[in-house]
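Protein chains: 2
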Amino acid sequence: MSKGTDETMTTSIPKEEITGRIEKLRSRLAAAGLDGALFHYGVDIFYFTGTRQNCVLWLPVTGTPVLLARKSFSRARQESLIEDVRPFPSSKDLPQIFGENAGKIGLTYDVLPVQHFNFYRSLLPHREFQDLSAINRDLRSVKSLWELDQMRMSGKLLADAFSRIPGLLRPGMRELDLAAEFEHLLRRAGIGGYLRIRGFNQEITGIAVAGGNAALAGCFDGPITGRGHWTAAPYGPSTDMICEGQPIMVDYGGFYNGYIVDMSRVFCFGRMDPELEHAFSASLAIQEWVRENLLPGRTCEEIFAGAARMAEDAGISANFMGHPGEPAKFVGHGVGLELDELPILAPKFKVPLQAGNVIAVEPKFLFPGKGAVGIENTFNVTEKGGELLTALPDDIVCL
Amino acid sequence: MSKGTDETMTTSIPKEEITGRIEKLRSRLAAAGLDGALFHYGVDIFYFTGTRQNCVLWLPVTGTPVLLARKSFSRARQESLIEDVRPFPSSKDLPQIFGENAGKIGLTYDVLPVQHFNFYRSLLPHREFQDLSAINRDLRSVKSLWELDQMRMSGKLLADAFSRIPGLLRPGMRELDLAAEFEHLLRRAGIGGYLRIRGFNQEITGIAVAGGNAALAGCFDGPITGRGHWTAAPYGPSTDMICEGQPIMVDYGGFYNGYIVDMSRVFCFGRMDPELEHAFSASLAIQEWVRENLLPGRTCEEIFAGAARMAEDAGISANFMGHPGEPAKFVGHGVGLELDELPILAPKFKVPLQAGNVIAVEPKFLFPGKGAVGIENTFNVTEKGGELLTALPDDIVCL
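Same order as they appear, the protein sequences are chains Z and D.
FYI, the numbering for the first sequence is 608 to 1006, going by the working numbering.
FYI, the numbering for the second sequence is 608 to 1006, going by the working numbering.
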């Protein structure tokens, strides 16, 4: 039955979550010499308030946070766990929101457009602004127990969807048909169609690509982009028919209560080239080694280096993590409210892992003209190594 | 058959298109006293080069444009109609790309994040930067004859998909089921899943919403947002069942060769409330009046004012274009490579229409607890009034 009223939607965030996040942010702000944070980006505002209406959030180190709602004020007021929700004020009234003591204000320079920045700079001429991006992303990279529960559920639902892929595969279907079928299934389950990416210029649909198309170079900051159907959107599935013997790479994110997990599996009509089978075995070995090393204190760069070494030992380092010569420069990436969270298992990332980091590990190998093989699962970093959130057999499913 | 090679993808842009666009931009840059434009945003780069790889484009008023490819260089080189394509240089080598004479550089401040802006500012300390957003958006708002052909095809394909909705509707289905079915159909046709929105913080999935859910206030800058399934993504379809007598509002964009058109239709199991039928008739009358006035020289604000007056005359101005008290402030919006192009049929937009503006006209009325009715079609502005690009009967389809 359609409710047709202003009732609360599916799920919500416990109030203590929000309080805890704000407390952690405040100590980071204070340590950075900032008087407050001014958030503009939808996902960030959702993280600190529980609402993803179009708002601006002023979060001072001391004093009450204020949520300024552009659209919709009524839904923001209803959904927000921050109590002080107001309609977005006129430019004349905006400065007084910040009070006298807010001399240094943090902003997320990684996503804020220059036009918005200039608006606030001209409105608040005697304040100093500072980039808050690193602090913001760092805070989000460690998941709370409650967040881990959301991500476990996200993993369970996505793995369940992946388990139904063999039933969707039919000889003669096009990449686009497989994508359409799988997205239909994800959408009906309420977990499809919401992939959020923070990185500038990053866009992707789900990846259901076969054979050489999976091994093309591409615009996406991941190992696999696909050919795509349009030059205007050169990623994801194409109208090419999936052929016997081709590895079919299916790489999708799921979404539960805002939280994204990421997984990939390989399917095949008939048997695959032995070279690809060898590479797939190497992927599994790398994944297992990385999983064992997803321990607090291990650094991102040492994990990447270990994985890269294993690819080299397998004699296929040129094919590791991308089209030869144009690889993605990581073997795993943080996930959470966004597909591209911290930490990143990549060279030069000296940051040590922490318990509660959630990382999609995706060792993959690309063979131009032949296809891509590999594995992707999402893990939680614990004292015992990676806890698998996307439980489903890793094997290639041959049909 | 999967090609599995680096062949050209579906469709392409004629070289003269690109040349013409660059010429037009150059005269606008010169008139604004700028020495060149530095584009970063994927859609903008696609418009001026024909490739949507992840690149930066330096387009000087005099001299050769240079495309600097971050990822993928090989695909950018293959797809670009600009000849000088290079891998993105090191920070040390980047300044010399711009030469000595580029003192004033235009950037699209509407989308460029502050972090990127600061990177270029520190790298090019003796240059001046200026906002290019208005010029960029204005250029795009007038479509060439070739672009109009793409948009006609986009409209034809989307209208064809809409014509199949009655076959998807089944009593007892949920909003999410209808969305999943329709998106499946769009995806298989290669026109679904690519909706691009330029506005900061704007995100939406397709809208397949019924009854009171369609009449909720929402975060999206349009008349209808929907309830959504998650507080984390409060838009689009929910798991509510579609009931008899409820107007079912289906509002989706289509995509052909990069070009987006937008349309909506209303469906219903059984008969609708006479109040809603009255409002639907008013929508059709407003659409027809607007269509007649989509003439070069008419201003956006006078068209909006005329539409608003007709809503008032019908006695339902409080319900016009949104949840009462929180309406969208327009009756039509430009479409093209993005869903939110110029011009906008809105108050205070004094800009006169030009032949080749393409506008989605969407007079709609929202009745809290009951639902939303209205119409949306995409029109090309001509000397004879709006040319319909999304031809399909406007009537409510009762099942």
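Don't take each hint at face value.
[Unchecked claim] Think about it this way: if two alpha-carbon atoms lie no more than 35 Å apart in a straight line, the pair counts; the simulated DSBU-like pairs of lysine-lysine are:
#1 D:699 - D:763
#2 Z:699 - D:711
#3 D:763 - D:622
#4 D:622 - Z:699
#5 Z:699 - D:955
#6 Z:957 - D:957
#7 Z:699 - D:957
#8 D:936 - D:622
#9 D:711 - Z:711
#10 Z:936 - D:699
#11 Z:991 - Z:711
#12 D:763 - D:631
#13 Z:711 - D:622
#14 D:991 - Z:955
Hints are computed from structural coordinates only; laboratory data are not their basis.
None of these values were measured; they are calculated from a predicted model.
Outcome of the hint check:
Only pairs whose Cα atoms come within 35 Å are accepted, and residue 699 (chain D) paired with residue 763 (chain D) is rejected, the gap being roughly 49 Å. Restraint check for residue 699 (chain Z) and residue 711 (chain D): satisfied, since their Cα atoms lie roughly 32 Å apart, inside the 35 Å limit. With a CA separation close to 25 Å, the supplied pair residue 763 (chain D) and residue 622 (chain D) stays within the 35 Å bound. Restraint check: the Cα-Cα separation between residue 622 (chain D) and residue 699 (chain Z) comes to about 49 Å, which exceeds 35 Å; the hinted pair is violated.
Taking the CA atoms of residue 699 (chain Z) and residue 955 (chain D), the gap is near 20 Å; set against the 35 Å cutoff, the hint holds. In summary, the hint linking residue 957 (chain Z) to residue 957 (chain D) is not supported, as the alpha carbons are separated by about 54 Å, beyond the 35 Å threshold. In summary, the hint linking residue 699 (chain Z) to residue 957 (chain D) is supported, as the alpha carbons are separated by about 24 Å, within the 35 Å threshold. A hinted pair counts as satisfied when its Cα atoms are at most 35 Å apart, and residue 936 (chain D) with residue 622 (chain D) does not qualify at roughly 38 Å.
A C-alpha spacing of about 30 Å is found between residue 711 (chain D) and residue 711 (chain Z), which places the hinted pair at or below 35 Å, so the restraint holds. Between the alpha carbons of residue 936 (chain Z) and residue 699 (chain D) the distance comes to roughly 21 Å, so the proposed pair stays at or under 35 Å and holds. Restraint check for residue 991 (chain Z) and residue 711 (chain Z): not satisfied, since their Cα atoms lie roughly 42 Å apart, outside the 35 Å limit. Among the hinted pairs, residue 763 (chain D) with residue 631 (chain D) is consistent with the structure: their alpha-carbon atoms are about 29 Å apart, no more than 35 Å.
Of the pairs offered as hints, the one joining residue 711 (chain Z) and residue 622 (chain D) is violated, with about 50 Å between alpha carbons and a cut-off of 35 Å exceeded. Restraint check for residue 991 (chain D) and residue 955 (chain Z): the C-alpha separation of about 62 Å exceeds 35 Å, so the hint is violated.
Of the hints listed earlier, those the structure fails to meet are numbers 1, 4, 6, 8, 11, 13 and 14, in rising order.
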